[in-house]
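Engineer: Residues per chain are reported as follows:
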Amino acid sequence: MSKLSRRNFLKGSGLLAAGGVLPMSLIELAFADPRQNFNFAYISDSHIQHIKGKEFVRNWDRGLMRAVAETNLLDPKPDFVLYGGDIAQLGTKPEIDHGLELLSALRYPVRYALGEHDYYLDLGEYWESQLGPQYYSFDHKGVHFVVLNSILTYDEWTNKWPTPEQRMAVMAGLDNPNGSPFMVGEAQRAWMADDLAKVAKTTPVVVLSHSPLQKIFRNWNFWTEDAEQVQALLAPFDKVTVLYGHVHQIQYNQIGNISFNSAMATAWPWPYPRSYAQAPSHMPKLTVPMNRADPFFERDATGWQFIDLHSGNIDLHYALYDNPNRVVAFNAQSGRPEDTAFQDPATRVPAQMHY
Amino acid sequence: MSNITQSAVAAPLAALLCIAAGGVQADDFTDAELERWQGQFMEVVEEGRRLWGTEGLGSNRLVCGQCHPNAANTHPETYPKFQKQLGRVVPIWEMVNWCIRNPLEGEALNAADPRMIALQAYMNYERRGVAMEPGKH
Numbered sequence: 000m001s002k003l004s005r006r007n008f009l010k011g012s013g014l015l016a017a018g019g020v021l022p023m024s025l026i027e028l029a030f031a032d033p034r035q036n037f038n039f040a041y042i043s044d045s046h047i048q049h050i051k052g053k054e055f056v057r058n059w060d061r062g063l064m065r066a067v068a069e070t071n072l073l074d075p076k077p078d079f080v081l082y083g084g085d086i087a088q089l090g091t092k093p094e095i096d097h098g099l100e101l102l103s104a105l106r107y108p109v110r111y112a113l114g115e116h117d118y119y120l121d122l123g124e125y126w127e128s129q130l131g132p133q134y135y136s137f138d139h140k141g142v143h144f145v146v147l148n149s150i151l152t153y154d155e156w157t158n159k160w161p162t163p164e165q166r167m168a169v170m171a172g173l174d175n176p177n178g179s180p181f182m183v184g185e186a187q188r189a190w191m192a193d194d195l196a197k198v199a200k201t202t203p204v205v206v207l208s209h210s211p212l213q214k215i216f217r218n219w220n221f222w223t224e225d226a227e228q229v230q231a232l233l234a235p236f237d238k239v240t241v242l243y244g245h246v247h248q249i250q251y252n253q254i255g256n257i258s259f260n261s262a263m264a265t266a267w268p269w270p271y272p273r274s275y276a277q278a279p280s281h282m283p284k285l286t287v288p289m290n291r292a293d294p295f296f297e298r299d300a301t302g303w304q305f306i307d308l309h310s311g312n313i314d315l316h317y318a319l320y321d322n323p324n325r326v327v328a329f330n331a332q333s334g335r336p337e338d339t340a341f342q343d344p345a346t347r348v349p350a351q352m353h354y
Numbered sequence: 000m001s002n003i004t005q006s007a008v009a010a011p012l013a014a015l016l017c018i019a020a021g022g023v024q025a026d027d028f029t030d031a032e033l034e035r036w037q038g039q040f041m042e043v044v045e046e047g048r049r050l051w052g053t054e055g056l057g058s059n060r061l062v063c064g065q066c067h068p069n070a071a072n073t074h075p076e077t078y079p080k081f082q083k084q085l086g087r088v089v090p091i092w093e094m095v096n097w098c099i100r101n102p103l104e105g106e107a108l109n110a111a112d113p114r115m116i117a118l119q120a121y122m123n124y125e126r127r128g129v130a131m132e133p134g135k136h
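Each protein sequence line maps, in turn, to chains A and B. The first sequence begins at 0 in numbering that gives the first Met the number 0 and counts up by one. The second sequence begins at 0 in numbering that gives the first Met the number 0 and counts up by one.
Accuracy of the hints is not assured; some may be wrong.
To be verified - Label pairs and their computed distance ranges (CB to CB):
1. B:Arg35 to A:Tyr153: 37 to 47 Å
2. A:Tyr153 to B:Arg127: 26 to 36 Å
3. B:Arg35 to A:Glu164: 35 to 45 Å
4. B:Gly128 to A:Asp193: 14 to 24 Å
5. A:Asp237 to B:Gly128: 42 to 52 Å
6. A:Pro161 to B:Gly55: 19 to 29 Å
Since the hints were derived computationally from the structure, they do not count as laboratory data. C-beta atoms are modelled at their ideal positions from N, C-alpha and C, and glycine is treated no differently.
Just need the whole structure built from these sequences, with the hints factored in.
Structural biologist: Below, the structure is given as structure tokens:
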């Protein structure tokens, strides 16, 4: 971190250092003028799941509660929190209400992105009634933030289901062959072009989306169908960072001027696409995977990261449960994010081998 | 056994089987039979796939597929193997039961339960073509 050392960052919260895991991201933006510096945290993919009555799946509740509690302990305090989508598992009112109740304990303003699990029951109606528009932008201390609904799909698919519950159930199954690819869509891209037209090309742009805005693995929707068109809208800017959820794992990539970084879920980790033997996938070659999750340790692979966005590029610090910490830093020489310890294949450890 | 002796034994046996099985030898099978057997297997795979995404195995509505899309990260080709958390070498069905009891908060299945067989058929089918590596971590 350019202005705030990592030690200072953690000093105010001995519990954090002792606990070792924070399933969220803290992001610091640092500029030439330190008075402009600020931090924000990033929590994603809680998948709050209703059982019946007042019962919810304990495991997922605990993941979100822990993220919220530890985010509240951060020092320095983040200016706000970004939430990367999928509060709910099946998009129901009880799930969204319960998730928002847990998130209401955050002592900071929260900006939300919409995930497919929040959307495909009622097309985001209840989410919108609680949280506002499905896509929007805002400015904070010289940085332009764009929050997208990137989990739309073809109208033909959305409208073909006899019941909303069936539509939600199919989209909730990551590997369901009857699902449909995510997209930002023409209307939202037109809005985005108009929104970005007002922003100077030298302004750092941070895009928050649920899906990756790049094409990695279509079967599991690690994918955005119109990714190239969205990237083209971001291409004229000097420094662009896309932060995304959905994938429940560490991913990073660089495409032209755009850095891509994923967040881990507070709920559970997902396998890397290469571990499905029956279909080809396109994980960014840059990505050195996180260690394979230990199923006996229910919070494993829901570790934490804080992000330092210096001069418009970001460094990610991942603290992983039971694993050595990871740092993925933007390398100004190579112009891409690189793991500071494991980027060289000779340095990798067996647990990073996914099969 | 010489060829002559073998023929001497095989001929009457074949004659008997011709009567019993309409001209097919005991150690022979037809394309139709292969198709039927594959169909029987795939029915169990499909049942496994259904169970993989069905709430009934546990008590909290979780399904296997939430953490293991396409049964990925289950590694059936590496079992039996030593599980450090269990402290011994286990077959994969014990690991499946671990998942049913813990994340799914359900009751363990008997090893011979048709549901357990179906779950294993599905996991193995999704890993078809991958080399056997028992014991691998």
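Engineer: For each hint given before, does the structure comply? Return the numbers of the non-compliant ones in rising order.
Structural biologist: 4
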